[in-house]
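Colleague: Next come the chains, spelled out residue by residue.
Number of protein chains: 2
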Amino acid sequence: MNQQIKDVNYTLTVFDKVRIVMVNTTEPGNLGAAARAMKNMSLSRLYLINPNNYPSAGATARASGADDVLSNAIVCNSLDEALEGTHLVIGASARQRNIKWRQMDVIEACCEIQETIASSDQEVAVIFGTENSGLTNEELDLCHILMTIPGNPDYFSLNVAAAIQVFAYQNFVSNIQTNFNDETNKLASFEELDGFYKHLEQALDHLEYFEEARPKELLMRRLRRFFGRSYPEQEEIAILRGILRNIKPYGKK
Amino acid sequence: MNQQIKDVNYTLTVFDKVRIVMVNTTEPGNLGAAARAMKNMSLSRLYLINPNNYPSAGATARASGADDVLSNAIVCNSLDEALEGTHLVIGASARQRNIKWRQMDVIEACCEIQETIASSDQEVAVIFGTENSGLTNEELDLCHILMTIPGNPDYFSLNVAAAIQVFAYQNFVSNIQTNFNDETNKLASFEELDGFYKHLEQALDHLEYFEEARPKELLMRRLRRFFGRSYPEQEEIAILRGILRNIKPYGKK
Chain A
1 MNQQIKDVNY TLTVFDKVRI VMVNTTEPGN LGAAARAMKN MSLSRLYLIN PNNYPSAGAT
61 ARASGADDVL SNAIVCNSLD EALEGTHLVI GASARQRNIK WRQMDVIEAC CEIQETIASS
121 DQEVAVIFGT ENSGLTNEEL DLCHILMTIP GNPDYFSLNV AAAIQVFAYQ NFVSNIQTNF
181 NDETNKLASF EELDGFYKHL EQALDHLEYF EEARPKELLM RRLRRFFGRS YPEQEEIAIL
241 RGILRNIKPY GKK
Chain B
254 MNQQIKDVNY TLTVFDKVRI VMVNTTEPGN LGAAARAMKN MSLSRLYLIN PNNYPSAGAT
314 ARASGADDVL SNAIVCNSLD EALEGTHLVI GASARQRNIK WRQMDVIEAC CEIQETIASS
374 DQEVAVIFGT ENSGLTNEEL DLCHILMTIP GNPDYFSLNV AAAIQVFAYQ NFVSNIQTNF
434 NDETNKLASF EELDGFYKHL EQALDHLEYF EEARPKELLM RRLRRFFGRS YPEQEEIAIL
494 RGILRNIKPY GKK
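Line by line, the protein sequences give chains A and B.
Counting from 1, one number per residue, gives the positions in the first sequence under this note's numbering.
Counting from 254, one number per residue, gives the positions in the second sequence under this note's numbering.
Mixed in with the good hints there might be a few duds.
What the hints assert, rightly or not - Incomplete in silico selection of chain B near chain A, CB under 10 Å:
1) ALA286
2) ARG289
3) ARG315
4) ASP358
5) ALA415
6) LYS469
7) MET473
What the hints assert, rightly or not - Distance ranges between label pairs, derived from CB positions:
8) SER386/B with SER230/A: 22 to 30 Å
9) ALA314/B with ALA238/A: 54 to 62 Å
10) ALA61/A with SER309/B: 15 to 23 Å
To be verified - Sample of chain A residues lacking proximity to chain B, with all beta carbon distances greater than 12 Å (derived):
11) ASN53
12) TYR54
13) THR130
14) TYR169
15) LEU200
16) PHE210
17) GLU212
18) ALA213
19) LYS216
20) LEU219
21) ARG221
22) ARG225
23) TYR231
Quick caveat, the hints were computed from the structure, so don't treat them as lab data.
The beta carbon of each residue, even a glycine, is placed where N, CA and C say it ideally should be.
Please take these sequences and the hints and turn them into a complete structure.
Modeller: Structure (C-alpha cells):
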C-alpha cells in the first residue's frame, strides 16, 4: 500500500498538532490501548488528567509497540493545563446533549481540525472523558465543539480506546490518501480484449454452441460482461487465447 | 445527533447482510471487544473459526452489553463453512501482499459491500485473521478483495478488535448519513478565551449582576456557551475586553 500525503508540506506536521486528552481514565488497560490506537494512526501526543494507576504494567502491556506514546504522555492536574496552547478544543460525547454546544460528527470534526491546523501556529485538542460517564458539563464548557461518533441508536457504548481508535482513523484518512501501486501486471488493451472476444466467438461457432435457445448476440454480450468485469491482464488474455487455439471441434457431427 | 439512513427501505437490512469472521483468534478478550465494536455499529453476525477458549468469562466481560452478539456467534470448523451463502468475501490485511489480489482500502471496500448487498439475496463476509500473523495465503485465496486499513507507515499493529472497530465504523458511516445544522480569521487561543471569561465574570460581579435568581455558575456557563459557539477570533476577544474595561459600576448604589 502506498499512502500519499495529500499535500506533503502541509500535512507532515498535521499529526503533531493534534493532542489526545484523556480525563480521569480509570482502567489502565485503556491507556495502553489508546496509545496503540493513536500510534497506528500517526498520533503521538497524549495528555492524561489524573489517570488511575499510571504508569503501570497493565497499561504498557496493552500499548504493545506503542509504549513510547504511553511513556511520553504528559500528566496534568487539570484540563486547563492540558489545553494550554490549543486553539480548537473538541469534546467527544456518546450522546447528544440538551444544552446547545456546537455539535458535529467525527467526519466533520476532522474537517474542522484540518482547517484549524492549516494556520501555522494553531493546535487542536480532542478530549475523551472518563469511562463510565464521559465528559462533565464543566469539561464540555471548555470545548468549542461536541463531537459525536455515529453508531447504533439502540446500543452505543464505545469503549474509550475504541472511540479514540475511530477518531484517530478518521483523522488519518482525512489527511492521507491511499494509493495502491498497480505496479501489477499490464491490463489488456481494448484491441486485445476485442481480439479475444472475436476469437472466442469463432471458437464457440466452431463448437456449434450457439443455437436458437442460445442466441449469439445475447450470449456474447453476457460473456463480454463476465470477462470484462475481472479487468483481464495481457498475460491472462494470452492464456485464454492459448486455450481457444486448442479447442477441437466435437459435438453434433 | 440526527442520523439519517441514506435510503430507509434499502438500508434497514444492510447490517444484517454483513458477517464478521474471526479466524483462529487466540485471545478471548479480543472476541468480546470485537462483539462490542460490532454492536456499537449495528453489526450482529459473528462467525468464529476455531476460537481459543470460547465461550469464556474473559470474553464476556470485554463484550460489555454486547454479550448477545458474542453468545449468538456461530462457531465453525473451517473458513469454507463460515462463507457458505456469501457472495462477496473480503479479507482484512495489515500489509500489501506480493501476490496479486484485488486490493482496496476500507472506504472503497465498504462501497463494494453496498453495491453487493443492494441485490436482495446477496451477503458479504469480512474476514479477520489470527492476532499475530493475520490471514494466510490459503485463506486469502478465498477472498475477492484484500482490504487494508490506512495507517502509520512506520508502525502498523492494529489489534484485531480495533481493526473490526474501524471497519464497522466505516461500514456504518458509509450507510448512514449524520446531519447536524451548522467559518475563520485567527482564532482566539484557549488562554485568550479563558482570560476573557474571567474578565467578564469580574465585570459582572462589579456590576452586581449576579444574584439569587441569576446564579453565577449557571449564567457563566450560558455565557461561555454563547461566546464559544461563535468561535471567537483574537481580534473579537480584544474588542470584547476593551468593552469590559470601559464598564463603570452603576446600579444599586
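Colleague: Hint check: is the beta carbon of ALA286/B less than 10 Å from a beta carbon of chain A?
Modeller: holds, 7 Å
Colleague: Grab the minimum beta-carbon distance between ALA213/A and chain B and tell me whether it stays above 12 Å.
Modeller: holds, 26 Å
Colleague: Would the least Cβ to Cβ distance between ARG225/A and chain B come out above 12 Å?
Modeller: Correct as stated: the minimum Cβ-Cβ distance to chain B is 15 Å, above 12 Å.
Colleague: Min Cβ distance, ASP358/B to chain A: is it shorter than 10 Å?
Modeller: Cβ of ASP358/B sits 5 Å from chain A, so the hint holds.
Colleague: Just to be sure I understand the hint, the distance between the Cβ atoms of SER386/B and SER230/A should be within 22 to 30 Å; is that true here?
Modeller: Holds: the Cβ-Cβ distance is about 29 Å, inside 22 to 30 Å.
Colleague: Hey, does LYS216/A actually stay past 12 Å from chain B on C-beta?
Modeller: At about 27 Å from chain B, LYS216/A clears the 12 Å cut-off, so the statement holds.
Colleague: Grab the minimum C-beta distance from ARG289/B to chain A and call the hint holds if it beats 10 Å, violated otherwise.
Modeller: This interface hint holds because 7 Å falls under the 10 Å limit.
Colleague: Per the stated criterion, does the least C-beta distance between ASN53/A and chain B lie above 12 Å, as a non-interface residue requires?
Modeller: Nearest chain B Cβ is 18 Å from ASN53/A, so the label holds.
Colleague: Does 15 to 23 Å hold as the CB distance between ALA61/A and SER309/B, or does it fail?
Modeller: Roughly 19 Å apart at Cβ, these two residues keep to the hinted range, so it holds.
Colleague: Given ALA415/B as an interface hint, is its Cβ closer than 10 Å to any Cβ of chain A?
Modeller: holds, 5 Å
Colleague: Minimum Cβ separation between THR130/A and chain B greater than 12 Å?
Modeller: holds, 15 Å
Colleague: Does ARG221/A clear chain B by more than 12 Å, comparing its Cβ with all Cβ atoms of that chain?
Modeller: Given that every Cβ of chain B is farther than 12 Å from that of ARG221/A, nearest at about 20 Å, it holds.
Taken one by one, the earlier hints fail for this structure at numbers 6, 14, 23, listed in ascending order.
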